[in-house]
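Colleague: Quick note on the numbering used here: the sequence shown kicks off at 1 and runs consecutively.
No wet-lab data here; the hints were simulated from the structure.
Just so it is clear, the structure is predicted and the values come from calculations on it, not from any experiment.
Hints may be right or wrong, so weigh each one.
Below 30 Å or equal to it, Euclidean Cα-Cα: the simulated BS3-like pairs (lysine-lysine) are [stated by the list, open to error]:
1. 56 x 106
2. 56 x 259
3. 145 x 113
4. 86 x 234
5. 234 x 269
6. 106 x 92
Have a look at the derived ranges for each label pair, beta carbon to beta carbon [unchecked claim]:
7. 168 x 274: 36 to 46 Å
8. 164 x 195: 18 to 28 Å
9. 30 x 115: 19 to 29 Å
10. 146 x 233: 44 to 54 Å
11. 161 x 259: 26 to 36 Å
We treat Cβ as the ideally placed atom computed from N, Cα and C, and that holds for glycine.
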Amino acid sequence: MLEKYVDLHIHTTISDGVLTPGEVAEYAHKEGLPAIAITDHDVTDGIEIAMEAASKYGLEVVAGVELSSEYNSKEVHILGYYMDCKNEEFQKKLALFRKARYERAKEMVERLKNLGMKIDFERVKEIAGKGSIGKPHIAQALVEKGYASNIPEGAWRHLGSGGPVSVPKYKLRPSEAIDIILKAGGIPVLAHPAGTKVDELIPQLVKNGLMGLETYDAINPPSVTRYYITLAKKYGLLVTGGSDCHGKVKGETRIGRLKAPYEIVERLKEAKRNLKR
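Go ahead and model the full structure; you've got the sequences and the hints to work with.
Modeller: Quick look at the structure:
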């Protein structure tokens, strides 16, 4: 019997991805994945759209989200799975984070203008559409105006942290992000720990209610994956895995490249059932 693999960390146009939720479902199906998770930043609107598109393929879509927090000036992302997306308090929190993203993006555009890069915030909003506005949308506007040759260059050369147009993010502690997900009935997971490099924080996060580590990562060598699997076992955490795909259909983070076993989804479902008891 062929091994089944999943991708539980995918972004869509509803936040800062370049594929629509429907396109994500289509690509996942073409890659032979039995299950995916939509984990847009601060927004869950893409989940039902993806589920509807996935239904014709027999593809399972896990409800997910990604929240940004900060610890010792490091960005720490917390993934949530199987939350109640209709939870009113949860959605109020997400709306607050999206408003902060909007104001931050607006300020970045003003700073770009002061540096002579005349892009229109209305155009940035058009690019974002119904999505949660962010750096990739500003970067695309920079590309359209000829200030950058591609979106990664626009995002990192012009908009990178510490640069002249950098604007501080809404400050959320990792413990707060975990609490928000738990109160919505979800399973909080530390995203890409190898990239974040906050291993010393993990014991405290476990005390705060962290339930999993994203051990399978598209860019991790096998030795790093094994290390975080061992760490997850040490603290009694679930292991999860995802590409963190933002729209590439080729390369390191494309949908389907990651080999995270389907068993992960079964363990998440079991954890969700236990939360309800």
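Colleague: Against this structure, judge whether each hint is valid.
Modeller: We went through each hint and held it up to the structure:
This hinted pair does not check out: residue 56 and residue 106 have alpha carbons roughly 39 Å apart, beyond 30 Å. Restraint check for residue 56 and residue 259: the C-alpha separation of about 24 Å stays at or below 30 Å, so the hint holds. About 12 Å separates the Cα atoms of residue 145 and residue 113, which keeps this hinted pair within 30 Å; it holds. The straight-line distance between the Cα atoms of residue 86 and residue 234 is roughly 34 Å, outside the 30 Å bound, and the hint therefore fails.
Under the criterion of a C-alpha separation no larger than 30 Å, the hint pairing residue 234 with residue 269 is consistent with the structure, at around 21 Å. Restraint check for residue 106 and residue 92: the C-alpha separation of about 21 Å stays at or below 30 Å, so the hint holds. One distance hint, 36 to 46 Å for the beta-carbon pair residue 168 and residue 274, holds here, with the actual separation near 38 Å. Between residue 164 and residue 195 the beta carbons are some 25 Å apart, a value that agrees with the proposed interval 18 to 28 Å.
Distance hint check for residue 30 and residue 115: the Cβ-Cβ separation is about 42 Å, which falls outside the suggested range of 19 to 29 Å. For the pair residue 146 and residue 233, the beta carbons lie near 51 Å from each other, so the given range of 44 to 54 Å is met. The given range of 26 to 36 Å is respected by residue 161 and residue 259, whose C-beta atoms sit roughly 31 Å from each other.
Comparing the model with each numbered hint stated earlier shows that hints 1, 4 and 9 do not hold.
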